[in-house]
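J.: Given only the sequences and the hints, what does the whole structure look like? Please build it.
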Amino acid sequence: LVVRGLPWSIEDAPRFAHRGMLVDSSRHFLPVDLLKQQIDAMSWAKLSVLHWHITDFQAAPFASAVLPKLLKGAYSAIEVYTPDDVSDVVRYAKDRGVRVMMELDTPGHAASFGAGYPEIMSDCPETVADLGDAYQVLDPTSNATYDLLGQLLAELGALAPDAYFHLGGDEVYAQCWEESPTVQAFMKAQGFETVDEVENYFENRYLGVARTALGGDRVLMAFQEVFDNNVTLPGDVVFDVWKQGNAATEVPSIPEEIARIVKAGHRVVLANGNSGEWYLNDGWGNGNDGGRYRSSWKDVYGLDPLNGTDALLTPAEQLYVVGGEVSLWGEEIDATNFLTRAWPRSAAFAEKLWSPRAATDDAVAQTARLARFACRLNARAIP
Amino acid sequence: LWPREAPAPETLPLESVAVDCPNDAPPARDDDESYRLVLESPKDWINASTFAGCHRALEAFSQLTVSVGGSVVVNSSRVALTGRPPLFPYRGLMIDSGRHFLSVPEVLLVLDGMAASGLNVLHWHLTDSQSWPWRSKSHPELIQGAYRSDLTYSRADLDLVVAYADDRAIRVIPEIDLPGHAAAAGVGRPDVIVDCSPDDATPIYDGSYQSPSLLDPTKNETYALLDDLFGELASILPGGAIHLGGDEVQIGCMNSSAALRERMETLGYNTSCPPGPNGANPCADGGPGFKKLVGDFVVRAQTLAKAHGFSSVGNWQEVFDHYGEGAATPTPPIDGLDPNTVLYAWLAPAWGWGNPATMAAAGFRVVSTLGLYVSSSQDNTDWQSYYSSVHPLASATTNTSDPGFYNVTDPQDVSRVLGGEACLWGETAGASDFSVKIWPRAAAVAEALVSGPEDDKDAALA
Chain A
1 LVVRGLPWSI
11 EDAPRFAHRG
21 MLVDSSRHFL
31 PVDLLKQQID
41 AMSWAKLSVL
51 HWHITDFQAA
61 PFASAVLPKL
71 LKGAYSAIEV
81 YTPDDVSDVV
91 RYAKDRGVRV
101 MMELDTPGHA
111 ASFGAGYPEI
121 MSDCPETVAD
131 LGDAYQVLDP
141 TSNATYDLLG
151 QLLAELGALA
161 PDAYFHLGGD
171 EVYAQCWEES
181 PTVQAFMKAQ
191 GFETVDEVEN
201 YFENRYLGVA
211 RTALGGDRVL
221 MAFQEVFDNN
231 VTLPGDVVFD
241 VWKQGNAATE
251 VPSIPEEIAR
261 IVKAGHRVVL
271 ANGNSGEWYL
281 NDGWGNGNDG
291 GRYRSSWKDV
301 YGLDPLNGTD
311 ALLTPAEQLY
321 VVGGEVSLWG
331 EEIDATNFLT
341 RAWPRSAAFA
351 EKLWSPRAAT
361 DDAVAQTARL
371 ARFACRLNAR
381 AIP
Chain B
1 LWPREAPAPE
11 TLPLESVAVD
21 CPNDAPPARD
31 DDESYRLVLE
41 SPKDWINAST
51 FAGCHRALEA
61 FSQLTVSVGG
71 SVVVNSSRVA
81 LTGRPPLFPY
91 RGLMIDSGRH
101 FLSVPEVLLV
111 LDGMAASGLN
121 VLHWHLTDSQ
131 SWPWRSKSHP
141 ELIQGAYRSD
151 LTYSRADLDL
161 VVAYADDRAI
171 RVIPEIDLPG
181 HAAAAGVGRP
191 DVIVDCSPDD
201 ATPIYDGSYQ
211 SPSLLDPTKN
221 ETYALLDDLF
231 GELASILPGG
241 AIHLGGDEVQ
251 IGCMNSSAAL
261 RERMETLGYN
271 TSCPPGPNGA
281 NPCADGGPGF
291 KKLVGDFVVR
301 AQTLAKAHGF
311 SSVGNWQEVF
321 DHYGEGAATP
331 TPPIDGLDPN
341 TVLYAWLAPA
351 WGWGNPATMA
361 AAGFRVVSTL
371 GLYVSSSQDN
381 TDWQSYYSSV
391 HPLASATTNT
401 SDPGFYNVTD
411 PQDVSRVLGG
421 EACLWGETAG
431 ASDFSVKIWP
441 RAAAVAEALV
451 SGPEDDKDAA
461 LA
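Protein sequences, first through last, are from chains A and B. Sequence positions in the first sequence follow our numbering and run 1 to 383. Sequence positions in the second sequence follow our numbering and run 1 to 462.
Just so you know, these hints were derived from the structure itself, not from any lab. There's no promise every hint is true.
The calculated DSSO-like cross-link candidates involving lysine-lysine, where the alpha carbons are at most 30 Å apart (straight line), are [what the hints assert, rightly or not]:
(1) A:LYS46 - A:LYS94
(2) B:LYS437 - A:LYS46
(3) A:LYS298 - B:LYS437
(4) A:LYS36 - B:LYS437
T.: Right, dumping it as structure tokens:
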């Protein structure tokens, strides 16, 4: 081993603190060994947060000790994480300087909980029959729902003690609650006129449950829909921005969505650009472009969290944008293609978020650095 | 599609499984790969007549097991399997370390995947025009053609790969592509490369795919070099098979080298050629003398290889249909071509050259790569086309524009079709994506070559 040119010293610090990757272990189960390889690669790229989207409507792969029927929602008996597995992954990550931000996505994206606990699902059979499990939503009117979520949050929170915890909240489709007689009766009793108000009720109550279950020091994150649907949450909630605002809010671009949320006093993590640059799962079969990735590494590198906000936010406000994430949504990703889908494009993202803005605007200059890093990954058995 | 309940396995206490089969000879093409696997406590045993058969039985056993909560469970109450001989004895995968280097651990990983799926030949396209990664002991100068000094294979590396393959009853067939696709050899040995660059300023070898150079068939030094290299490979794979390439020889290159033409005339080769179709590029398609020279080279290389004890020689199909006598296309086979040559079919039958049917009818043995290239990015369903590219006898197609596995209808010819091979050409495949390109498509190919494709695609998907 030869080090040339001594003595020299390096002082370095990242531009953004939240440099994350979302992994989705519900749509396809991701074995623990694969998660560890992923964490290794993240540590080599100095990425700081593994956002573990552990459950979704297709499957709940967690062998909860406090909710033993939850794993009826797993794909199979072998595609589950035990609490020890989760601890193992969190510890492995910690030893490599990677934080694990756990996400328990509710009230949508949770139909899989119904396999073991049907009593916490809203009663909207026609919606589900017509539109599918993606449209199933948890029952916001039932104490049982909040009790169960509280227990699960406490368990997951103890296993994943990071300061940040993600509460989901995306894609809560209105149809289920509009059908559900229980929810409709509840709305009448509460004087609610729209399901947005039901969502507001759920999220605030869920937030309260989360604060108790997780401990008061946690920073809670939620997907932007919670903000877009006029749910009023305390200012310390961080929003996960991944699309333009919904039609009701008439926010035509992501930078404008960022600005809107920041001006309301919340911090933002950027998860995508207007062209889908940071959804790395988009590729063959899902927005692909003739067999190529929809987002080349240049597209990934070209997205900056502050893109388009210079005219909308002051420099002080821009500090509320605390970082970004690339996502490996799992509909078409499993252990066979996870690592090649994630790398080396995530390394382009990693440099973008670590190095100064002025030094990361030239994709051509990055080419050689990325190529060397890709070879380094290959040499360390990450394809 | 996915059951929510775990299967309830019947527990079968297995204390040991008696494995009764020989373990001494390296895998051979004619191995009987049939086996019996019986799990019927207390008599649990595997029996086969060759190590290859035993290996297939062990893989089948592993496919019966499931790991549940820390224990390994066989998912049946009684198992008695008789693995019949596979449909085709040659079930290959080709990797290309000339275009993109693959490290030894990566090659071993490929072998693991092959063992799991029943592929039994690793065709290793070792060198090409872009790079020469083989650190030959007899000719160390050749390693200058590697991409970089650490992107190379030592003798120990090759021995390791062969031993690893052996343990999995997989034969390794190395390929040194000759006389074309060999420009990288010219980096260390410019004297054995035909210099057909247009002027002194243009390098012989520009590292590109179209690099129009080839090994010089008129020089004794060329054959001396090959003799040494074959001897070295023979010491790594004694009695094994070797592939000598022969594809895409740039005959136009030969005509543009005045020095070569002079040597040809001295050796008595005719250097005239008819004009091209529109008068331009005379000899682009090869005058008779040039083709004869290429043909003689191929035969001489085969002879040298066989003299070192290689039991079988393979070549790409052009030796059968491109370099023979006459102006018609396809040409007849090269004059003097070893009749035991295994021909590797790769040109689509629709293009009017030879194809597995004509090759087998002419008495040659055939391995087909038609429709089986795995070099390209894949989508969710193309495993099905790979699966059905391997046609069983009963449904042989008469559609000559179908790039199917083979179109052999005469039963006598059928026995000459040894099998098929999925090819991972390396121009756009390498360390970062070799696994995701090979698998699972090559596993679909493997099943089709072992059992023949099933009509029920859903059953095959599971």
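J.: For this structure, which hints from the list above don't hold up?
T.: none
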